[in-house]
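K.L.:
Each chain, letter by letter, is given below.
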Amino acid sequence: MTRALFIVLLLCGLTLAAAPVNAHALLLGTTPADRETLAVAPGTIVLRFNEPVVPISARLLDERGMAVASDASLEAHDAELRLTLAEPLADGAYVFSYRITSEDSHPVAGTILFAVGGEPAAWRAAPVAQDNPLWASASAVNRAVHLAGLLGLAGGMAFLLLFPGERLADRRALAPCLAVCAALAASTALLAIGLQGAVLADAAPRELLTAKIWLLGCASTRGTAAFCALGAILSLVAALCCGARKERQALFLPLSLGGLALALLSFIVSGHAATAQPRWLTAPAMALHVAVAGLWLGSLLPLLRATTHFNKGSLPRIAAFSRTMSWALPLLALCGVALCIVQLQAWSALGSSRYGAILTLKLLFVGLLLMLAAHNKLRLTPALKRGEIGAGPRLARAIRCEIALGLAVLAATALLSQTVPPRSLGDHAVHEHGETLRGYTTVATGPGGRMALINVDPATAGRNQLDVRFLAADGRAFSPLEAKVLMSNELAGIEGLSRPLERVDVGHYRLSGPEFALPGAWRLRIDALVSDYEQASFVAAIPIAR
Amino acid sequence: MRHCFPMLAIAASLVAFAAVPAQAHVTIEQSQAVAGATAKVTLRVPHGCDGAPMHTFKVLIPEGVTGVKPMPKAGWQLRTVKAKLDKPLAGDHGASITEVVREVIWSGGNLPDDQYDEFVLRGAMPATAGTIYFAAVQECEKAAERWIEIPAAGQGSGDLKMPAPRLQIVPKP
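Residue numbers (our numbering), protein chains in the order written: chain P, 632 to 1177; chain V, 330 to 502.
Derived from the structure by calculation, the hints contain no laboratory data. Treat the hints with care, since some could be wrong.
[Stated by the list, open to error] Computed cross-link-like contacts, DSS-like style, restricted to lysine-lysine with a CA-CA straight-line distance of at most 25 Å:
(1) V:K501 / V:K369
(2) P:K1115 / V:K471
(3) V:K490 / P:K1115
(4) V:K398 / V:K411
(5) P:K1016 / P:K943
(6) V:K501 / V:K398
[Said to hold, decoys possible] Anything over 10 Å on all C-beta distances counts as not near chain V; from chain P, calculated:
(7) T661
(8) A670
(9) R695
(10) A721
(11) G748
(12) S851
(13) S953
(14) A1027
(15) A1029
(16) Y1164
Treat the numbers as computed from the prediction; the structure is a model and nothing was measured. Don't be surprised by glycine CBs; every beta carbon is placed ideally from N, CA and C.
All chains should be modelled from the sequences, with the hints used to inform the complete structure.
P.N.:
Next comes the structure, spelled out in structure tokens:
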């Protein structure tokens, strides 16, 4: 009887014990808290769980990944896990990683980060990866001078080709002006190579004189553009030299046409406007835009001369220029609008982005320039035709104003070329200068043909920026409802480090922080909640350098 | 000595009993159902989310389950989301099914973290045997618990942190 009862009870107990037991221990809180900065070193590290736990392992590592040499003892009191530190911790950042088990024998691992004695350097928000302001501003100034020089030279030559007056005299008279433009354009083209190298390498000022920087600049698309520009300048200067001499007239046309073609090429091989997708649209649009703008701005100097040295040949040339521009300007505007649409993607970006703000400034200058040009065409040129007294000096003054405004437009354009357009901020894969994303980049595939482009910058131990871009099977970006990353570094003993990812843009999520505290092979699992009921996980290995 | 046995047995079973913590996962009470037959599915919800009371419970009906009728609950509003089928399914008496309940949502209720509740529905099970998953979401004030993980091939449900409640479909006897 008793034996029967015993068996029944035992079976009963076994059945209950064998029932699926799913409760994993849940971490309720820690002291110090995750990512807490403490003024004074803690004596103990305490983890509180929702149920009694059994410790398996725990590690406390400093910033260099060294296990902290202290007579640390780990003990569990019911639902509390306590690590007593025999020696006070030195100032710095620490990673505490633990592995416990609860009654369901299911191991649970986790990691917290904390710092002692003020926020460690590795935690501080690093300046967002941006071009070095020194090089960026030097580049912008250099670019502005280059634009003025090259457009002045090429436009001036184009004017001489299209509206020939007294050929020889004209060319000779304009030669000094064009030579100055050529010298400016050539020197800035050369300097642009070095500056681009310095921007790319984020070099210190004195490094500008090292060969490495210049080779880097040469290898970039800006380098190609600079060589095209130099070729153009040489060709145009040669054309001018030949054109100013009677015996070498025949060479003027081929040399100047070749030079102009090279000058145009220098604008479409580089820069984010001409290299944006779709290139079949942006490259020709850019070429046309630059050609008309160059003709307009480059003609101002010869026009000024035609006005100040007024003779019977001046009037037909001014009139012919005015006629040409009346159909060329709409073309210029059309190409400009097309390029704007590609770069901005949305009109709202005009007001909300830095690129948009500079573009607005440029458009403002262009508007003023157009008003002045209209005034010249509709009022001053007819007045000059009628032979009104003072019409010549007034037109000359207006042209000088046009030159000043033209330079302002070029300055704004140069600034634009140094600013990342909204298009690129939403772009993935490759930065517009042609260099790939910085740091470490990898692609992880997930269920349903989805992909996650993962970039860790700079991929060295310490503060990093983790960027994740989610792509659906059709290659379009998709934004999950929520995204989080689970990080582990097995060799360093870091497990279960979980962080939410912040949404930056459509399909673009980010984590910025000191989580990659130690070098080594990190494993990431990115969980993206696709819909209420569907989660897509992406697994990737990230090597973090010392 | 003889008298000790019952005492020991009782003690042992008590220990075993005490060692079983409350089931923390959302699960289905029925372990199996017969393919093609109508069955009752009881979803057991053992808590709110992480300390907060649950106000909404949502269940995704797996493909192949038709004719779903959820059971109303006092204190909860009941709503279903229907979906048109790309390929109609054969129903009873030669009728074809073109629309099914895709989602069942109980909302406006209150399940404190330290209480237990059950949500019931019935429907016709898929015609083929296998395992089906009723992905479920608990919504609370600020958080949500999503029991939506489905094990990959070769993986057990025990390896998952938030497994979707599952039901074994057995062939018709």
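K.L.:
Would you mind marking each hint as holding or not holding in the structure?
P.N.:
Checked hints:
1. A hinted pair counts as satisfied when its Cα atoms are at most 25 Å apart, and K501 of chain V with K369 of chain V qualifies at roughly 16 Å.
2. Restraint check for K1115 of chain P and K471 of chain V: satisfied, since their Cα atoms lie roughly 17 Å apart, inside the 25 Å limit.
3. With a C-alpha separation of about 15 Å, the suggested pairing of K490 of chain V with K1115 of chain P holds against the 25 Å cut-off.
4. Restraint check for K398 of chain V and K411 of chain V: the C-alpha separation of about 12 Å stays at or below 25 Å, so the hint holds.
5. Proposed proximity of K1016 of chain P and K943 of chain P is supported: the alpha carbons are some 11 Å apart, at most 25 Å.
6. Only pairs whose Cα atoms come within 25 Å are accepted, and K501 of chain V paired with K398 of chain V is accepted, the gap being roughly 22 Å.
7. Every CB of chain V is more than 10 Å from the CB of T661 of chain P (nearest about 15 Å), matching its label as outside the interface.
8. The Cβ of A670 of chain P sits about 30 Å from the closest Cβ of chain V, beyond the 10 Å cut-off, so the non-interface label holds.
9. R695 of chain P, annotated as away from the interface, keeps every beta carbon of chain V farther than 10 Å; the closest lies near 32 Å.
10. Every CB of chain V lies more than 10 Å from the CB of A721 of chain P, the least distance being 35 Å, so the non-interface label holds.
11. With a minimum CB-CB distance of about 33 Å to chain V, G748 of chain P clears the 10 Å threshold, and the non-interface call stands.
12. Annotated as non-interface, S851 of chain P keeps its C-beta farther than 10 Å from every C-beta of chain V; the closest such distance is 45 Å.
13. Annotated as non-interface, S953 of chain P keeps its C-beta farther than 10 Å from every C-beta of chain V; the closest such distance is 66 Å.
14. Non-interface status of A1027 of chain P relative to chain V is upheld: no Cβ of that chain comes within 10 Å, the nearest being about 71 Å off.
15. Every C-beta of chain V lies more than 10 Å from that of A1029 of chain P, the closest at about 66 Å, which supports listing it as non-interface.
16. The Cβ of Y1164 of chain P sits about 4 Å from the closest Cβ of chain V, inside the 10 Å cut-off, so the non-interface label is violated.
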